[in-house]
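Generate the whole structure from the sequences, applying the supplied hints.
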Amino acid sequence: MVATVALAEVATGAALDIEQVSHAFDIDGAELPVLSDVSIAVEPGEFVALLGPSGCGKSTLLRLVAGLDKPKAGTLREDEARITRPHPSRVVVFQDPTLFPWRSVWDNVALGLEAQGILKSQRQRVDDALDLVGLSSFRNAYPHQLSGGMAQRVALARALVNDPKILILDEPLGKLDSLTRITMQAELVSLWQRKGFTTLLVTHDAEEALVLANRVIVFSDRPARVKADIRVDRRYPRHRGDPYLADLRRQILGLLGLDATW
Amino acid sequence: MSTYSLSDGLASGAPRLSRAPLLATWLRESGVGVLASVAWIAFGLSCLWWDDVGDWSRTHSLGIAAFVIAAVALFGTVGADYLGSAGKALHQRAPWLVALGAFLTLWEVATAKFAWLPLPFFPPPQSIIEVYTDDLPKLLDSVFASVKLQLGGYLIGATVGFLTGVSIGWSRAVGYWVHPVLRFIGPLPATAWLPIAFFTFPSSWSASTFLIALATGFPVTVLTWSGVASVSNAYYDVARTLGAKPSFLVLKVAIPAALPHVFVGLFMGLGSSFAVLVVAEMIGVKAGLGWYLQWAQGWAAYANMYAALIVMSLLCSGAITLLFAIRDRLLVWQKGTVKW
Ligand SMILES: Nc1ncnc2c1ncn2[C@@H]1O[C@H](COP(=O)(O)OP(=O)(O)OP(=O)(O)O)[C@@H](O)[C@H]1O
Ligand SMILES: [Mg+2]
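So the sequence lines, in the order shown, correspond to chains A and B.
Going by full-length UniProt numbering, 126 is the number at position 126 of the first sequence; the sequence numbering is gapless.
Going by full-length UniProt numbering, 228 is the number at position 228 of the second sequence; the sequence numbering is gapless.
To be clear, the hints were calculated from the coordinates, so they are not data collected in a lab.
Among the hints, erroneous ones may be present.
[What the hints assert, rightly or not] In silico DSBU-like cross-links for lysine-lysine, where the CA-CA straight-line distance does not exceed 30 Å:
id, chain 1, residue 1, chain 2, residue 2
1, A, K70, B, K252
2, B, K286, A, K120
3, A, K70, A, K175
4, B, K245, A, K72
5, A, K175, B, K252
6, B, K252, A, K120
7, A, K120, B, K138
8, A, K175, B, K138
9, A, K70, B, K245
10, B, K138, B, K286
11, B, K286, A, K195
Here you go:
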């Protein structure tokens, strides 16, 4: 099968089942539906990109996957087990880096290991994660001394250090300049291929989605419904100018309502 | 703009008056130091020149001490280059030395020499020095008693306030019970409890400790609580997805995030507990600086009052400085995020 070619080499990731999930918020007594009957089955080690208009409910879906909120209807499962609360096997890189301002960069990255009580024996992992995002020389800096892009890289390192089974990324590269961004995309792919975790990536950039993911899921406007589920059968590293990807990109932008301009 | 024309003028004038700029720089660098020396010489002379209108034994020694300080200021200024950081510190404080010397001269002349100010109420500097030399044991006892009382009460109040604040900030159930009590009792000035405290507690010392703790505890509680309550949910979300347990959320997220607020509470508590300390010592406790003040007033020993007042203010500002130092250590991360 062609699809397996693109999958991570060693799938240590978990399967993720999102089954008929609906969610809504109460705003001043009125109900604001945000997710409507969303079903997505993610195989272990798959890299799934989520695309959709701003405010449609992507971040909300990620919070449900992380176990931070409970859906109004439907179920979410990680390897058959129902998701009811956060667990370090599913780590989130939030849209906002939310580093702890009172902790140095190193201590921020060490947060997960410290919370799980295994930091003492595993300090090396923190150093490795910092190396990975190229911020070893900033280990003693405080968050306010970092640029926006550096802060996001620290947030990425803080997630990766935990060896997650499912990595949940909410526009993690949004604040990076285009050069760092391309480098980080390549890093992310090679990391994913080596470690084999399942990845959910929210992005507003169709090209990014196509360069990185096995699957691109396009959501409708709020309340979000799955509008299209597109397989991207291409080997890595992918070429940005690939006509196959360009074709898919046109298709996706069309789904997002931008066909007139593109 | 003005600096341009100034330096231009200096540069063009330099060839003609080749030594003037050197002198000018030296005066700018050291002028204030020399002036400080002059001011203290003036103070020394003011002590020794005229006869005292009253009978004070330390006038002569004070004059000598003033000359010594003047000499130190002068040599410190001239030899600043060889003194390193001490020279720099002196240079920085020179303007204050000038002001202090001038003030003391004026004070000396206005009291001891010509009695322009009514005498028993405005004692001259040498009579205050006399208190420090002749009444030292009693003064030290008082300082010791005050520090002991203040420290005990403050530590108890700060600890209890901090723990209460964290609990009500964290737990809804605790908040339900404690919040109304806090609302009802908290705003009451701690001194209002004085009469009750003094007859319900076994000793005046324990009563005062309780009152000081109360005065400290209220602001610390309220600010710790508001600090914990205002921690962004995003921090908890991050910690929880990384596997944090509730104890970790309290100890490693809520408390560090609330710490800047806690320190505001600690500062406020320190201020209000000083007030309680002095009142408690004046009314009930038979020791401490407040009691010393009261005692001095009873004997119309005004010099003793001023002497005690100066010690008190040194202690209070010392305590504040210490708290600032602790805060600066614990909250280094805030440097650069907020204006200090
Ligand atoms: N805690 C909340 N309470 C009430 N409404 C919320 C809450 N969180 C999100 N919403 C609403 O849910 C909708 C979806 O929000 P969400 O953050 O999931 O959007 P998004 O798809 O991630 O958008 P973006 O691409 O701009 O990040 C928005 O209309 C928002 O107003
Ligand atoms: Mg979002």
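Numbers of unmet hints, in rising order: Structure breaks hints 2, 7, 8 and 11.
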